[in-house]
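Residue numbers (this note's numbering): 1 to 230.
Check before you lean on any hint, since a few could be wrong.
Computed spacing ranges between beta-carbons, pair by pair [said to hold, decoys possible]:
1. R49 / R158: 21 to 27 Å
2. L5 / R172: 35 to 41 Å
3. P173 / Q45: 30 to 36 Å
4. G202 / R56: 38 to 44 Å
Using 20 Å as the maximum straight-line C-alpha spacing, the simulated SDA-like pairs for lysine to any residue come out as follows [said to hold, decoys possible]:
5. K39 / T26
6. K39 / R208
7. K39 / S3
8. K39 / T54
9. K39 / F78
10. K39 / Y58
11. K39 / L135
12. K39 / L5
13. K39 / P164
14. K39 / L25
15. K39 / T59
16. K39 / E14
17. K39 / D29
18. K39 / R7
19. K39 / S74
20. K39 / Y50
21. K39 / A4
22. K39 / G27
23. K39 / D137
24. K39 / R49
25. K39 / L23
26. K39 / A24
27. K39 / A154
28. K39 / H165
29. K39 / I52
30. K39 / W55
31. K39 / S97
32. K39 / L163
For the record, the hints were derived by calculation from the structure and aren't laboratory data.
Note that the Cβ used here is the ideal one computed from N, Cα and C, for glycine as well.
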Amino acid sequence: MISALHRCIFVHIERTGGTSIELALTGFDWWESAARAEKHLTAEQCRRRYGIDTWRRYTTFAFVRDPWDLVVSSYAFFCSRKRSTLRGMSFREYVLSAGDAAQRVDGDGWTHGGWWHDRGVCQLDWIVDRDGALLVDYVGRFETLQADFDAICAATGRPSPPLPHEGRSERRPYTDYYDPQTRGLVERLFRRDIERFGYAFGTPPPPRARPFEPRDFLPPPACGIRAGGA
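I would like the entire structure built from these sequences, with the hints used as guidance.
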């Protein structure tokens, strides 16, 4: 997502509060616009689409989320869609389908390879280059969405509008959805995110005084499992 008014580019990783940010900055959900193809671009894709000069001049940022919570949110979202092929699938089946290379397309045009896609499993895959260097200026956490968004706006001298909470669904704590096998599978698939951003199952991440920046990034561990991998 790009905003010329705010001179920023937002890399919208799915299920991280990004629609709220789109509404705050542009006034609309990009999925409902003619630019819907730009809603979920990786940082590399944004650089190519908008041009390297624009990428360098604009503030670039993304948000990440506790992987166990993210998977539950993803499951709830897709199961709620009227024509989703995932309706009726248990959470356990959903998680265990992660390595399934078969593609399923639901009635709304969503393509599911297992339950992720060709951008890769880890959220890091959206925002780092092949050498593991962070491509965006800032990375906030979903768990501190408004505070980190405020900090990003303050660092760039821009006003910080309040964020609506779009796409919220009422459900029990994410820890209730897991058994030892599904918990371990998500931990293995999202290992790099868990290590890089300080997540732990059932425990809030340690507080930070500011969002993550490139200076916080050393080359990450070797690339983990990608969608459809074994």
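Results of checking the hints against the structure:
For the pair R49 and R158, the beta carbons lie near 22 Å from each other, so the given range of 21 to 27 Å is met. Range check, L5 to R172: Cβ separation about 40 Å, and the 35 to 41 Å hint holds. Hint check: P173 to Q45, Cβ distance near 34 Å, so the stated range 30 to 36 Å holds. Roughly 40 Å separates the CB atoms of G202 and R56, a value that falls within the hinted 38 to 44 Å.
A hinted pair counts as satisfied when its Cα atoms are at most 20 Å apart, and K39 with T26 qualifies at roughly 12 Å. For the hint pairing K39 with R208, the CA-to-CA distance comes to about 28 Å; that exceeds 20 Å, so the pair is violated. Taken as a hint, the K39 and S3 pair is honoured in the structure, with Cα atoms around 12 Å apart against an allowance of 20 Å. Annotation: proposed proximity of K39 to T54 holds, straight-line Cα distance about 17 Å (limit 20 Å).
Among the hinted pairs, K39 with F78 is consistent with the structure: their alpha-carbon atoms are about 17 Å apart, no more than 20 Å. For the hint pairing K39 with Y58, the CA-to-CA distance comes to about 17 Å; that is within 20 Å, so the pair holds. Only pairs whose Cα atoms come within 20 Å are accepted, and K39 paired with L135 is accepted, the gap being roughly 18 Å. For the suggested pair K39 and L5, the alpha carbons sit about 17 Å apart, so the restraint of at most 20 Å is met.
Of the pairs offered as hints, the one joining K39 and P164 holds, with about 17 Å between alpha carbons and a cut-off of 20 Å not exceeded. Proximity of K39 to L25 is assessed by CA-CA distance (about 13 Å); at most 20 Å being required, the pair is judged to hold. Between the alpha carbons of K39 and T59 the distance comes to roughly 17 Å, so the proposed pair stays at or under 20 Å and holds. Pair hint K39 plus E14 holds up; C-alpha atoms about 9 Å apart against a cutoff of 20 Å.
For the hint linking K39 to D29, the alpha-carbon distance of about 8 Å falls within 20 Å, and the restraint holds. With a C-alpha separation of about 17 Å, the suggested pair K39 and R7 falls inside the 20 Å cut-off, and the hint holds. A hinted pair counts as satisfied when its Cα atoms are at most 20 Å apart, and K39 with S74 qualifies at roughly 16 Å. With a CA separation close to 13 Å, the supplied pair K39 and Y50 stays within the 20 Å bound.
The straight-line distance between the Cα atoms of K39 and A4 is roughly 15 Å, inside the 20 Å bound, and the hint therefore holds. Note on K39 and G27: the hinted pairing holds, with a Cα-Cα distance of about 14 Å set against a maximum of 20 Å. For the suggested pair K39 and D137, the alpha carbons sit about 19 Å apart, so the restraint of at most 20 Å is met. At most 20 Å may separate the alpha-carbon atoms for a hinted pair to count; K39 and R49 meet this at roughly 12 Å.
For the proposed pair K39 and L23, the alpha carbon gap of about 12 Å is at most 20 Å, so the pair holds. Restraint check: the Cα-Cα separation between K39 and A24 comes to about 14 Å, which is no more than 20 Å; the hinted pair holds. About 24 Å separates the Cα atoms of K39 and A154, which puts this hinted pair outside 20 Å; it is violated. Using a Cα cut-off of 20 Å, the hinted pair K39 and H165 holds, with the two alpha carbons roughly 17 Å apart.
Pair hint K39 plus I52 holds up; C-alpha atoms about 19 Å apart against a cutoff of 20 Å. Proposed proximity of K39 and W55 is supported: the alpha carbons are some 16 Å apart, at most 20 Å. At roughly 25 Å between alpha-carbon atoms, K39 and S97 are farther apart than 20 Å, so this suggested pair is violated. Straight-line distance between C-alpha atoms of K39 and L163 comes to about 17 Å, which keeps the hinted pair within the 20 Å bound.
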